[in-house]
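Chemist: Please construct the entire structure, taking both the sequences and the accompanying hints into account.
As they're listed, the protein sequences go chains U and D.
For the first sequence, the tail end lands on 532 under this note's numbering, and the numbers increase by one without skipping.
For the second sequence, the tail end lands on 532 under this note's numbering, and the numbers increase by one without skipping.
These are calculated hints, taken from the structure and not from any lab test.
Built from N, CA and C at the ideal position, the CB exists for glycine as well.
Mixed in with the good hints there might be a few duds.
Said to hold, decoys possible - Computed spacing ranges between beta-carbons, pair by pair: (1) U:A337 / D:N529: 20 to 30 Å; (2) U:A500 / D:V460: 20 to 30 Å; (3) D:D273 / U:S470: 43 to 53 Å; (4) U:K462 / D:G393: 51 to 61 Å; (5) D:A504 / U:I235: 35 to 45 Å; (6) D:G257 / U:G232: 24 to 34 Å; (7) U:K491 / D:N529: 20 to 30 Å; (8) D:N529 / U:Q302: 29 to 39 Å; (9) U:G242 / D:K430: 29 to 39 Å; (10) U:R309 / D:N529: 33 to 43 Å; (11) D:T526 / U:T335: 19 to 29 Å; (12) D:P493 / U:G242: 49 to 59 Å; (13) U:Q302 / D:H331: 39 to 49 Å; (14) D:P246 / U:K391: 45 to 55 Å.
2 protein chains.
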Amino acid sequence: GVAPAVHAQTDIRWRLVSSFPKTLDTIYIAAEVFAKKVAEATNGRFIISVHAGGELVPPLGVVDAVQQGTVECAHTSPYYFFGKDDTFAIDCAIPFGLNSRQMSAWTYEGNGLQLFREFYRNYNIVNFAMGNTGAQMGGWYRHEIKTLADIRGLKIRIGGFSGKVFSALGAVPQSIPGGETYQALEKGVIDAAEWVGPYDDEKFGFYKVAKHYYYPGWWEGGPQLALYVNAKAWEQLPADYKAILTTAASHAHVHMQARYDVVNPPALKRLVAKGTQVHRFSPQIMQAAYDASMALYSDLSAKNPAWRKIYADYAAFRDEQVLWARFAEASFDQFMQTGRNKKR
Amino acid sequence: GVAPAVHAQTDIRWRLVSSFPKTLDTIYIAAEVFAKKVAEATNGRFIISVHAGGELVPPLGVVDAVQQGTVECAHTSPYYFFGKDDTFAIDCAIPFGLNSRQMSAWTYEGNGLQLFREFYRNYNIVNFAMGNTGAQMGGWYRHEIKTLADIRGLKIRIGGFSGKVFSALGAVPQSIPGGETYQALEKGVIDAAEWVGPYDDEKFGFYKVAKHYYYPGWWEGGPQLALYVNAKAWEQLPADYKAILTTAASHAHVHMQARYDVVNPPALKRLVAKGTQVHRFSPQIMQAAYDASMALYSDLSAKNPAWRKIYADYAAFRDEQVLWARFAEASFDQFMQTGRNKKR
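Modeler: Next comes the structure, spelled out in structure tokens:
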């Protein structure tokens, strides 16, 4: 039998602002999974209300809101904030960076979390990994993209940091809100648009107006979402609530990647059934994008000490991971994907 | 400010028996990470002591111990218990099964957890995913293995369920305790031995007596560890402790895969520097092993209703995952592993 004890616990109410709309359900729900677990683990004494993008603060205003203490926490994609400092992007995804599992490894057991804890001190933020989409698709194109010549002049709706690499290749990145992208693509105002992957893309109906669907999204090999907590709010938490928040974030982290892995395969099948043509980016385009990305990173390392410090660790980690992955992981996956026969 | 409140909490002491020795540190530590987070999240009121294999019960006695309530919980590899029912193996790894990420997806957001919750009711067990090693290596061989002829008669130290597939290929699987494997390999009592991957294998020094190191471990593409909790002990937990245990298990789950990903790459480099020759299993061997595995699964489905039910769901999930992985994930990983040039 167990003896009940009396223990002082603390009632806390926090607000979490998401950068995402509820329609981006797989991402949005990760914040709800997190908040639900925190509530359950505290018998409802630590309640975090979750607010969709725009409800309390604009989707891209969440860093300012956490930094200023307007809200206690946020769930977002760090690369949205490359305008403040390009280094933010490394905490999410940069072209030809780490994949989903490698980002988890770097964050949890490499130097990733510690390096970004230092970086975010300037923003009064304590960060946690909270979700990943996995490698994204490369977007929807009205016409086939076979060579670099097809990229030059391409008006593509693409978010943030990776637009720099498209620019280097001669494309003309466009900033268009998600909700207006379909119409712009339909009318030919833009030639292409990238969003996430089959499950999220299907809801926008892009396949109806741009039938060429490319892969991989080399600029987002494993975008990791972050939970940002205001540093003062974090410090005021009792130690048990800190542990509860930490493990609930880990739980939501696993949950979100698992959810994407479950919903994407049938969505891709439906898209293909509706006439989507799936293409792989050519080696020429991949290599040129890779070279442009590495040139960009060299440039940033020369100009930005924060980038230089964190990217050096990230790049060394990436090279070790990629070398190791060629052995057991890749050979196993490749046999399953292409080598095995059809018997079950 | 926050107002302190008085809340009745419960003092609980549990014992966790691990199937692993402390020397298998990456796996063993996952149980400690779990217990530490549970303690932190409850201000030391829910304490789970962690006991290495053999300390309280034999390494392979942990299911019986949890089932009978001798201890409250265990950390183990479900496939150890295929002798009770082959279905146990699906909850861990079967040849040509799911990889690490796919196992997480099936468990957390597919039907995996629910199917095994039902299965384990007969054992008074409530199960949780808690860790993964990632795809393992294929073991150490005194001589090169090029064709199926080289496998016939091969005396290989290999654990459990996957020994059935080696037997079908004409090998002679050997059950030898981990600690005696080095000597058996050195003296030629056995021709080969498989263990885990570079980090764990290096500690045994197999490279000194068998220089051929094969990959992939097609019988362990993503072995998932489990936390087994005695059903009665689980039901007696207050709701907040249930949530705390659940999220702490998820935290340890992410932690363990991340830790393996960090420690394996440098270990493989050290092994190669010491003269290890790394080889990929030939397509002929892979295909024959695949065919033998599928024949085994058909046979088990015909004989064992529990296997049939769970394997049908697992296999359908695997086929969806493998098809989807060929697009964004695999093409991204492949470019990183083999396509990119050396510039950073």
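Chemist: The structure should be examined with respect to each hint, and the outcome stated for every one.
Modeler: For each hint, the structure was consulted:
1. Between U:A337 and D:N529, the C-beta spacing of about 21 Å keeps the proposed range 20 to 30 Å intact.
2. The supplied range of 20 to 30 Å is met by U:A500 and D:V460, whose beta-carbon atoms lie about 25 Å from each other.
3. Checking the proposed 43 to 53 Å range against D:D273 and U:S470 shows it holds: the Cβ atoms sit about 50 Å from each other.
4. Remark: the range hint 51 to 61 Å for U:K462 to D:G393 is upheld by a beta-carbon distance near 57 Å.
5. Distance hint for D:A504 and U:I235: a CB-CB separation of about 39 Å, consistent with the stated range 35 to 45 Å.
6. Remark: the range hint 24 to 34 Å for D:G257 to U:G232 is upheld by a beta-carbon distance near 31 Å.
7. The hinted window of 20 to 30 Å between U:K491 and D:N529 holds, with their beta carbons roughly 23 Å apart.
8. For D:N529 and U:Q302, the hinted distance range of 29 to 39 Å is satisfied, since their beta carbons lie about 31 Å from each other.
9. Taking the beta carbon of each, U:G242 and D:K430 are about 35 Å apart, inside 29 to 39 Å as hinted.
10. In this structure the supplied range 33 to 43 Å holds for U:R309 paired with D:N529, their Cβ-Cβ distance being about 36 Å.
11. Between D:T526 and U:T335 the beta carbons are some 21 Å apart, a value that agrees with the proposed interval 19 to 29 Å.
12. About 52 Å separates the C-beta atoms of D:P493 and U:G242, a value consistent with the hinted range of 49 to 59 Å.
13. In this structure the hint that U:Q302 and D:H331 lie 39 to 49 Å apart at CB holds, the actual value being about 45 Å.
14. In this structure the supplied range 45 to 55 Å holds for D:P246 paired with U:K391, their Cβ-Cβ distance being about 53 Å.
Violated hints: none; the structure is consistent with every hint.
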